[in-house]
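Visitor: Sequence:
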Amino acid sequence: MIGRLRRGAVAESRAEHWLSQQGLKPHDRNVRCRLGEIDLIMRDGATMVMVEVRQRANDAYGGAAASVTVHKQRRLIAATRWWLSRHPQFSASPIRFDVIAIDGDAAHNPIQWIKGAFDAE
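Residues in the sequence shown are numbered from 47 upward in steps of one, following this note's numbering.
The set of hints was computed from the structure by calculation and includes no laboratory data. Don't take every hint at face value.
[As the list claims (entries may be wrong)] Here are the simulated DSSO-like pairs of lysine-lysine, each with C-alpha atoms no more than 30 Å apart in a straight line:
(1) Lys118 to Lys71
(2) Lys161 to Lys118
(3) Lys71 to Lys161
Just so you know, these numbers come straight off a predicted model, no measurement behind them.
Can you make the complete structure from the sequences, with help from the hints?
Guide: Structural data, given as structure tokens:
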């Protein structure tokens, strides 16, 4: 369990740094509520970007990107609604849901950035 948590933390740190290099601004990290968790909250201009970071040791079962199931999407959307209810200054901001997927070594393998991976419907 500790190894998995550490790999997740490495993947999240790397994703935050990489997204910052792409021009996004970090806003918050590891936001948790009873409805779910938001790994990273970034700003892309006026848009608030909710980022799900997924890392998988191998690409069995479709790899990291495929692990963002409809159930996980719903939990992320619910957590985002909760976060927005506590940060009303962002309620008029556009919201985007992105996925950062890393298959294999979280510290070294390529990052796949899926912008607008899903919508809150």
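Visitor: Against this structure, judge whether each hint is valid.
Guide: Structure-based check of each hint:
no.: 1; hint: Lys118 to Lys71; verdict: holds, 24 Å
no.: 2; hint: Lys161 to Lys118; verdict: holds, 16 Å
no.: 3; hint: Lys71 to Lys161; verdict: holds, 15 Å
When held up to the earlier numbered hints, the structure conflicts with none and fits them all.
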